[in-house]
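Here is what each chain is made of, one letter per residue.
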Amino acid sequence: MDDSIAMQVTRYRPDKNSQPVPVDYEVPLRTEWTVLDGLNHIKAEQDETLSFRWSCRMGICGSCGMNVNGEPRLTCATFLSDYAPGPVRVEPLANFPVVKDLIVDITDFMEKLPRVKPWIIRDDDVTEIDGEYIQTPEELEAYQQFSMCINCMLCYAACPVYGLDPDFVGPAAIALAERYDLDSRDRGSRERLDVLIEKEGVWGCTFVGECTSVCPKHVDPAGAIQRYKLKAAQESVKAFLLPKALRR
Amino acid sequence: MSAPVTRVPSYQRRIGVFWWVHKRSYFLFVMRELSSIFVAWFVVYLLMFVAAVAGGQQRYDEFLDRATSPLLLVVNAVGLAFLVLHTVTWFALTPKAMVLRLGGRRVPGTAMLAAQYVALAVVSAFIYWLVVKA
Ligand code: SF4
Ligand code: FES
Numbered sequence: 001m002d003d004s005i006a007m008q009v010t011r012y013r014p015d016k017n018s019q020p021v022p023v024d025y026e027v028p029l030r031t032e033w034t035v036l037d038g039l040n041h042i043k044a045e046q047d048e049t050l051s052f053r054w055s056c057r058m059g060i061c062g063s064c065g066m067n068v069n070g071e072p073r074l075t076c077a078t079f080l081s082d083y084a085p086g087p088v089r090v091e092p093l094a095n096f097p098v099v100k101d102l103i104v105d106i107t108d109f110m111e112k113l114p115r116v117k118p119w120i121i122r123d124d125d126v127t128e129i130d131g132e133y134i135q136t137p138e139e140l141e142a143y144q145q146f147s148m149c150i151n152c153m154l155c156y157a158a159c160p161v162y163g164l165d166p167d168f169v170g171p172a173a174i175a176l177a178e179r180y181d182l183d184s185r186d187r188g189s190r191e192r193l194d195v196l197i198e199k200e201g202v203w204g205c206t207f208v209g210e211c212t213s214v215c216p217k218h219v220d221p222a223g224a225i226q227r228y229k230l231k232a233a234q235e236s237v238k239a240f241l242l243p244k245a246l247r248r
Numbered sequence: 001m002s003a004p005v006t007r008v009p010s011y012q013r014r015i016g017v018f019w020w021v022h023k024r025s026y027f028l029f030v031m032r033e034l035s036s037i038f039v040a041w042f043v044v045y046l047l048m049f050v051a052a053v054a055g056g057q058q059r060y061d062e063f064l065d066r067a068t069s070p071l072l073l074v075v076n077a078v079g080l081a082f083l084v085l086h087t088v089t090w091f092a093l094t095p096k097a098m099v100l101r102l103g104g105r106r107v108p109g110t111a112m113l114a115a116q117y118v119a120l121a122v123v124s125a126f127i128y129w130l131v132v133k134a
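From first to last, the protein sequence lines are chains A and B.
When we follow the UniProt record's numbering, the leftmost residue of the first sequence carries the number 1, and every step to the right adds one.
When we follow the UniProt record's numbering, the leftmost residue of the second sequence carries the number 1, and every step to the right adds one.
Hints are computed from structural coordinates only; laboratory data are not their basis.
Note that the Cβ used here is the ideal one computed from N, Cα and C, for glycine as well.
Among the clues, some could well be false.
Claimed, not checked - Straight-line alpha carbon distances no greater than 20 Å define the calculated EDC-like cross-link-like pairs of lysine to aspartate or glutamate that follow:
1. K117(A) with E198(A)
2. K231(A) with E191(A)
3. K229(A) with E198(A)
4. K23(B) with E71(A)
5. K229(A) with D194(A)
6. K199(A) with E111(A)
7. K117(A) with E200(A)
8. K117(A) with E138(A)
9. K199(A) with D65(B)
10. K96(B) with E111(A)
11. K229(A) with E33(B)
12. K16(A) with E141(A)
Claimed, not checked - Calculated from the model, a selection of chain B residues having no Cβ within reach of chain A, i.e. all distances over 10 Å:
13. W20
14. S25
15. F29
16. A40
17. Y45
18. G55
19. L64
20. R66
21. H86
22. G104
23. V118
24. A121
Isolated chain A, as found in the complex:
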């Protein structure tokens, strides 16, 4: 194995560049080094102004997402050696506006998440004083997969629909809606459907399926969206066939 590898890192310094530009660096190539380690090496040894987000280094916080050789990846879980002999191209997460270097503006994502009402909605007045909600292992299993999301936004970077139409509510938000819909304690699916049945909701999705392929937590947002479409279609048929009083 070579002892170093070339990294081509996209830099955008608003005071210096009118648009993002690739800059070449050379970093040590070690078997246990991730792309994030390479970036940290550049920052520590070559250019301390290089900006990027990270925190946990163990695929939990979801903050180190970037496009590596064109694929949205968690850089802390992507090994440099997999790209030997290089170069490794590191760009800011696709489909998001770039604030500086590898840092993207996530405001849009943060505004979208609460739109699907991702909390347990009840139609009764049960409070903690009345005791806890009991849930069986099977009931937990029904939604567990969709609760594994770490908000890394890789699915948004992989989604051409979101890239072309930023109004699309997007994969993770819909998977999150499904997470609460499938929760046996929740009664809010009707309210969420009202949000997601809109054009920018599930119908924006044309089932490219890339969100599911890139998801590091196997959440399967594409699956969630298709299941939601089925629900939305059933609701529309019901609304068409039944008089108002009989619905729901």
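Once you've looked at the hints, dock chain B with the ligands against the given chain A.
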């Protein structure tokens, strides 16, 4: 409800018209979308065929004549290729879109996939029997 957000100045990257050619999965997706046109074409073609059959021997013969013209042969060959792509990709997507449970257990995707191909074979065999044998 939510805290006020500070908008930071940022650089908006553009998506080129040919965003779909660089990546295999995007390319396949666009081809799958495109295949719908050929699905529609075959529906129209089938209706024309039915109309020709209903129109008597002469119309039917004319239809067969036209079907062997080079242009139609090429269109139909390309169309068939797209139709196969359409079928294969949509079959592959079904297990992702549907969660089937049998006796409390989730039916594995491969089983659903296999079931679709079996169904396709059965229907095809029936049509073959209907057209050729009956
Ligand atoms: S669904 Fe997966 S890819 Fe999308 S934000 Fe959640 S963990 Fe990341
Ligand atoms: S640094 Fe936390 S997920 Fe990569």
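>> Checking each numbered hint in turn, tell me which of them this model violates, lowest number first.
In response: 8, 9, 10, 12, 13, 14, 15, 22
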